[in-house]
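Q: Start from the sequences, fold in the hints, and give me the full structure.
For the sequence shown, the positions run 13 to 162 when this note's numbering is used.
Mixed in with the good hints, there may be bad ones.
Unchecked claim - No farther apart than 27 Å at their CA atoms in a straight line, the calculated lysine-lysine pairs in the BS3-like style are these: (1) Lys52 to Lys84; (2) Lys14 to Lys92; (3) Lys92 to Lys144; (4) Lys144 to Lys84; (5) Lys14 to Lys144; (6) Lys92 to Lys52.
Treat the hints as calculated values from the structure; they're not laboratory data.
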Amino acid sequence: MKLAGRVALVTGGSRGIGKAVVEGLAREGAKVAFVYRSSKESADQLVADLALDQHEAIGIQADVANVEEANKAVEQVVEKWGQIDILVNNAGIIRDGLLAAMEPDAWTAVINTNLNSCYNFCHAVMRPMMSKRYGRIINISSVAAEFGNQ
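A: Printed below as a string of C-alpha cells:
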C-alpha cells in the first residue's frame, strides 16, 4: 500500500484509461476522487466496485473545461479528505478530421478539454498541495496528440 494516507484526484476517471488509473491508485491505498462529465451510471458503478474491495472513492460530475467547476471539484475533495496529494489530468476528447473541415466549435471543445482543463485543475490544486508541502501532478496524453489519429 504505497499510497496509504494519500488523496488522489483523476479527471476523466469513470471510463477507459482514467478508470484504470483510479483503480490502480485505490489498490495502492489512496483515497480517490475522480471527475466525470456525463456518465453518472459508470461513475456510480466504479465507486460501488471500489467499495466492495474496501477502497474509498467518490465521483464528481464536472465540466473540466470550466474553471469554476474545477475549483468546486477540488474544494469538494479537500472538504471530504482534508488534502489532495496527487492530481492526474486524464480528461480528453477527440474530434478527428481534417483541419479544413473542422468547425471552430469542435476546435474550441478539444482545446478546452484537452489543454485548458490541465491549467484549471493544476491551478486549483496548487494551494492545497503547497500547504501540505507535497504534491504530484501527472498529465496523461495520447500518441494521437503527437502524430494525429488518422
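Q: With reference to the structure, classify each hint as holding or not holding.
A: The hints, checked one at a time:
1. Lys52 to Lys84: Holds - the C-alpha atoms of Lys84 and Lys52 are around 18 Å apart, at most 27 Å.
2. Lys14 to Lys92: Between Lys14 and Lys92 the Cα gap is close to 21 Å, so the pair holds against 27 Å.
3. Lys92 to Lys144: Given pair Lys92, Lys144 holds - Cα atoms ~16 Å apart, limit 27 Å.
4. Lys144 to Lys84: Holds - the C-alpha atoms of Lys84 and Lys144 are around 19 Å apart, at most 27 Å.
5. Lys14 to Lys144: Since the Cα atoms of Lys14 and Lys144 sit roughly 18 Å apart, the hinted pair holds (cutoff 27 Å).
6. Lys92 to Lys52: Satisfied, since the Cα-Cα distance of roughly 20 Å is no more than 27 Å.
Every hint, counting from the list given before, is met by this structure.
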